[in-house]
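Number of protein chains: 2
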Amino acid sequence: MIDKQLESATATAPATVSNVAVGFDILGFPLTGLGDEVTVRRSDTPGVQIVSIEGQVEVPQDAAENTATAGLLALVEERQLSFGLEVEIKKGVPIHSGLGGSAASAVAGVMAASAVLDEPLGLPERFHYALLGEKRACGKRRGDNIAPAMLGGLILVRSMDPFDVVRIPVPHDMGTVVVHPQLKVDVREARQMLSTEIDFDDFVAQSANLAGFVAGCFRDDRPLIGRSLQDLIVEPQRAGLIPGFQAVKKSAIDGGALGCSISGAGPALFALHDFDIDPEPICEAMIAAFDEVGVEAQGLISPINGIGGHVVARNQ
Amino acid sequence: MIDKQLESATATAPATVSNVAVGFDILGFPLTGLGDEVTVRRSDTPGVQIVSIEGQVEVPQDAAENTATAGLLALVEERQLSFGLEVEIKKGVPIHSGLGGSAASAVAGVMAASAVLDEPLGLPERFHYALLGEKRACGKRRGDNIAPAMLGGLILVRSMDPFDVVRIPVPHDMGTVVVHPQLKVDVREARQMLSTEIDFDDFVAQSANLAGFVAGCFRDDRPLIGRSLQDLIVEPQRAGLIPGFQAVKKSAIDGGALGCSISGAGPALFALHDFDIDPEPICEAMIAAFDEVGVEAQGLISPINGIGGHVVARNQ
Numbered sequence: 050m051i052d053k054q055l056e057s058a059t060a061t062a063p064a065t066v067s068n069v070a071v072g073f074d075i076l077g078f079p080l081t082g083l084g085d086e087v088t089v090r091r092s093d094t095p096g097v098q099i100v101s102i103e104g105q106v107e108v109p110q111d112a113a114e115n116t117a118t119a120g121l122l123a124l125v126e127e128r129q130l131s132f133g134l135e136v137e138i139k140k141g142v143p144i145h146s147g148l149g150g151s152a153a154s155a156v157a158g159v160m161a162a163s164a165v166l167d168e169p170l171g172l173p174e175r176f177h178y179a180l181l182g183e184k185r186a187c188g189k190r191r192g193d194n195i196a197p198a199m200l201g202g203l204i205l206v207r208s209m210d211p212f213d214v215v216r217i218p219v220p221h222d223m224g225t226v227v228v229h230p231q232l233k234v235d236v237r238e239a240r241q242m243l244s245t246e247i248d249f250d251d252f253v254a255q256s257a258n259l260a261g262f263v264a265g266c267f268r269d270d271r272p273l274i275g276r277s278l279q280d281l282i283v284e285p286q287r288a289g290l291i292p293g294f295q296a297v298k299k300s301a302i303d304g305g306a307l308g309c310s311i312s313g314a315g316p317a318l319f320a321l322h323d324f325d326i327d328p329e330p331i332c333e334a335m336i337a338a339f340d341e342v343g344v345e346a347q348g349l350i351s352p353i354n355g356i357g358g359h360v361v362a363r364n365q
Numbered sequence: 050m051i052d053k054q055l056e057s058a059t060a061t062a063p064a065t066v067s068n069v070a071v072g073f074d075i076l077g078f079p080l081t082g083l084g085d086e087v088t089v090r091r092s093d094t095p096g097v098q099i100v101s102i103e104g105q106v107e108v109p110q111d112a113a114e115n116t117a118t119a120g121l122l123a124l125v126e127e128r129q130l131s132f133g134l135e136v137e138i139k140k141g142v143p144i145h146s147g148l149g150g151s152a153a154s155a156v157a158g159v160m161a162a163s164a165v166l167d168e169p170l171g172l173p174e175r176f177h178y179a180l181l182g183e184k185r186a187c188g189k190r191r192g193d194n195i196a197p198a199m200l201g202g203l204i205l206v207r208s209m210d211p212f213d214v215v216r217i218p219v220p221h222d223m224g225t226v227v228v229h230p231q232l233k234v235d236v237r238e239a240r241q242m243l244s245t246e247i248d249f250d251d252f253v254a255q256s257a258n259l260a261g262f263v264a265g266c267f268r269d270d271r272p273l274i275g276r277s278l279q280d281l282i283v284e285p286q287r288a289g290l291i292p293g294f295q296a297v298k299k300s301a302i303d304g305g306a307l308g309c310s311i312s313g314a315g316p317a318l319f320a321l322h323d324f325d326i327d328p329e330p331i332c333e334a335m336i337a338a339f340d341e342v343g344v345e346a347q348g349l350i351s352p353i354n355g356i357g358g359h360v361v362a363r364n365q
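Respectively, the protein sequence lines represent chains S and V.
Residues in the first sequence are numbered from 50 upward in steps of one, following the numbering used here.
Residues in the second sequence are numbered from 50 upward in steps of one, following the numbering used here.
Among the clues, some could well be false.
Same chains, same names: a pair is fine if it fits in one copy or spans any two.
List time: in silico SDA-like cross-link candidates among lysine to any residue, alpha-carbon distance up to 20 Å [stated by the list, open to error]:
hint, residue 1, residue 2
1, Lys299, Ile350
2, Lys184, Phe249
3, Lys299, Leu170
4, Lys184, Glu329
5, Lys233, Glu107
6, Lys233, Val344
7, Lys139, Thr59
8, Lys299, Asp269
9, Lys233, Asp248
10, Lys184, Asp250
11, Lys233, Gln347
12, Lys139, Asp222
13, Lys184, Ala254
14, Lys233, Pro109
15, Lys139, Glu345
16, Lys139, Gln98
17, Lys139, Asp327
Honestly, the hints are just simulated from the structure, not real lab data.
If you're wondering where the values come from, they're calculated on a predicted model, not measured in any experiment.
Just chain S, with the same shape it has in the complex (with noise of 0.2 Å):
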């Protein structure tokens, strides 16, 4: 039961991998162990107040900057509340990694303001402010990190308007290993770089990756899977930005991995592997690839995460 009298609430929301090499804009997933944290108080002060930030100093303190309140802010206005939100952050997920920080950011924001509200925003309204952070913030547009961080599993953004999405079934025990790269990737820039125009042959075959992934998902297909998880279009554009991709990559496919591409706009790589591959020695040969070109990284082991933000704490 959510308690109307709620005076503030904490949510948490994964990291996620977005493009999913296949999937450029469209899919997403998001991870365990890595996450973002945001408290809502009720305030007497009218507006949205960021009281304090962890973890990554680099955050905006401007409301209207940052991904976790600049929802909010439309949030407020909107819903014309009779009181201010005061927000406390604390940011888990890297900042230009490529795994959907601001989307954690946003979605945890949205979840935790709506536990305080008098009557809570029902799921069309929390995708929408959530979205409105993250666009705000950082310019995306799509919803490919948003809709996993917000509802867990392997999400496809069909539309973003209206706002459609489905979800698509992940193969049991089919894990992911993340491996990120202390490189900074501005996504504005690396979204910039992009090819405005697409050879008509990659789209071609793009299109039959997407459709085979999807079709391999479905069917529990791994080697499909691994057939298809080939990105022809944004990934040759994009592995040019982070330095020794292609022996990372090489490294995760010779050790098993049915897939290995770019996480989002980067610079972290995911590897998508088997039940019946130990992903420890996938996730070390990547790093140890990246320290052959004296870059030094971290690395995750993860499932696909099934849930989505949530609330973790409510005060009275």
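Knowing the structure of chain S, use the given hints to seat chain V on it.
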């Protein structure tokens, strides 16, 4: 049982709808009630001879130019057959209709020829020779008509090299209406007119529709199929080849179809409809809309045919 002394065999293969709005060059399904029939007879004359063609006078008589026989020429050579092949062709699928007439002939030819060999062709060889037939005779590089004409059902061609096809389940009782106007569209011209570059945003939106369509088929989610069945890339470029296209499409959608687009390179149009919609009025409305612009058209109502090319008669 295959009779090793078989002197002749007759095979049939169905007409097919390819592209299916969202899967240009990669998706196709067969129709019932429309197909080509090919009889292949062992002959003392080496090589491949077409001895009769019924149904379409404009089909090439030269074995190297006819899709029913172009692949058989390679077969005779590569298998070093001790006998030649005499071929009778009955064209049921109108040529230049967009309904996979070339593929129907190529598949029927290969299926019939396989049956008269001492050692019949395996599936990969059947694909090989059928694809060769279609490629040599009409220049088409992809197997999105060949594969469904061979296998039956909705088929994804994930890759041409290596050849990799995936069956997509079809929602029970989902049917199709096909309307064929008396216009000629040359496949090569229809292909050459396509832009070689695609706008990036269109690529993303079309990818989302393709993934939504595949997911909708697996989930038996007809509204999702309907929302997804929109071609943003090829249909706008080719619609101008078909007088009345927008009106015909609108009449199908207004009549309750899930979606409507061009079959293959056109000029035939197909519409998909749910089991609880009567397809007759849709078909009549589409024909009437063509009539409005002075174009005569024939209609066909068909389930998505689950049966591909097969031998219908054997003679010793």
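**Study point:** Hint numbers not upheld by this structure, sorted from lowest to highest
**Key:** When the structure is compared with the hints, numbers 3, 4, 8, 9, 12, 15 and 17 turn out to be violated.
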